[in-house]
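Going down the list, the sequences are from chains A and B. Take the first sequence: its position 180, counted from the start at 1, is 255 in our numbering, and no numbers get skipped. Take the second sequence: its position 234, counted from the start at 1, is 309 in our numbering, and no numbers get skipped.
I should point out that these hints are in silico values taken from the structure, not numbers from a laboratory. You may find that some hints are simply not true.
Which copy is meant is left open, so a pair is good if it fits within one copy or across any two.
Unchecked claim - In silico DMTMM-like cross-links for lysine to aspartate or glutamate, where the CA-CA straight-line distance does not exceed 25 Å:
no.: 1; residue 1: K95; residue 2: D174
no.: 2; residue 1: K202; residue 2: E260
no.: 3; residue 1: K83; residue 2: E123
no.: 4; residue 1: K179; residue 2: E200
no.: 5; residue 1: K355; residue 2: D174
no.: 6; residue 1: K355; residue 2: D272
2 protein chains.
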Amino acid sequence: MMIPIDAKTGVCALIGNPVKHSFSPLIHNAAFKEAGLNLVYVAFPVKEKNLGPAIQGLSALAIRGASITIPHKVAATRHVGWIDPVAARIGSINTIVNDSGNLKGYNSDGMGALKALQDRGVSPEGKRILIVGSGGAARGIAFTLAMRARLAGLVIVGVIRNEVAVLVDNLRTVTEAPVEGDAMEEGTLRSHLSACDMVINCTPVGMYPKVQESPVPKAFLREGLVVFDVVYNPLQTQLLRDAGSTGCHTISGVEMFINQAVVQFELWTGVKAPEAIMKKVILEQVSGR
Amino acid sequence: MMIPIDAKTGVCALIGNPVKHSFSPLIHNAAFKEAGLNLVYVAFPVKEKNLGPAIQGLSALAIRGASITIPHKVAATRHVGWIDPVAARIGSINTIVNDSGNLKGYNSDGMGALKALQDRGVSPEGKRILIVGSGGAARGIAFTLAMRARLAGLVIVGVIRNEVAVLVDNLRTVTEAPVEGDAMEEGTLRSHLSACDMVINCTPVGMYPKVQESPVPKAFLREGLVVFDVVYNPLQTQLLRDAGSTGCHTISGVEMFINQAVVQFELWTGVKAPEAIMKKVILEQVSGR
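Here chain A stands alone, though its shape is the one from the complex:
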């Protein structure tokens, strides 16, 4: 991605470790260029012990905004002056906006998931949703859906019992919808899937290189079910292939990935993100692997 740099070029940054394989610089630089903004996006590898000074540095250096990625999403919440209420419940941020030196934290992962649903004409309103997994992605999506929509029900299944229990307990404080936790087993998946309108895979199952694996047996899927997989590498996971051939409504993780970047772009710049070019860049990158 070639972009022009002069003394007036504003800077946005990725903070994580490692950062070398991130697509974010390509996506955001393409978007800045397309939108005609004199901004550049660079990646900074930051060690855990340096996170505090790194984030204070964002403010001191007048860096416009940042993406926060693994392993800093939780710890970064301690170094910003204000946290979006949904991100505060999630307990992690992946986006920082520098508002005249005041750093504000957001979590665009959940917002990206919600926008991916809306872009496909799928509203979570009144839906019964099954989330598979209880880690960071599950927390981000579960709180965003529970706080931004009136769900008819929310079920979390996962292999780490205590993590599931904490997430269910936390979710009950923010939604009046029934929230339930369960173990991730064939029997529980079968019964919850039969009662839900939508399933969202928030586990890494099916991710490259174990591309033949799926978190949900194909036999439990049915026509009309919404199947959303946060995994985007490969673009078509085994779960999405099974869902597609069963007549489910499928939504790929790449749509969430693009939309979380769209949300970041709009938080930093205040202007509408050029979604088409961002989508083009990420699809080229993911397909090229």
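Given chain A's structure and the hints, the job is docking chain B onto it.
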């Protein structure tokens, strides 16, 4: 300047206030591109109260190196872990090298001036040198010449008596050559010029927009004298025009400016700077004004 940016692109930075009109991003980005290095140079406007966190941020964000400019050159010395001995005497740094998290401070202004002389085949060894002015530029050049060459004599003339006295006193601790300070008046200029081999203008006299002014009356110049003007805007100052028409050896401030950038580039990257492209970019910029 178009340069490619991806997740592996390393970052160098300018820290100053204001930074908007700096040529450094254009020069260094052209040089990185020419040298085939995956590096980008961006400018950060930093307020004085934020200098400490900004410099700590360089280290935490793994920024490779930085240029420090007005108003931070003196204060920045307090925020690095090691200072080059010449820069320590000068009392200011304009370059930071991030050596695996350890920040090292240098002053490439004086080194750039020395290199500008050497590039033109002018050695300061055994010379009697008159420096006009006693501010930051004068300190940088005076200490670099006094510590890196055996001068036959060094005279500082300036309008701020106390500043001249301090500089002369400081210089005497680092050189065995006779060092003398004097007021900046017609009489003193005439007599010192007649005894010196080289005069270096370190005042802003002659800088745009007052381009007809010169710090030294033309009548005091003579054939064979080396006349070096740190002012580079305009490229041909009144002093250099007078010197050229009198048969002096002239060296322009732009040569020092290019060479201080060359020194920075080599300190950050460890590879030989592509001087020709750096010179081309700066000449285009200065001529275009």
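* Hints broken by the structure, by number, lowest first? -> 4, 5 and 6
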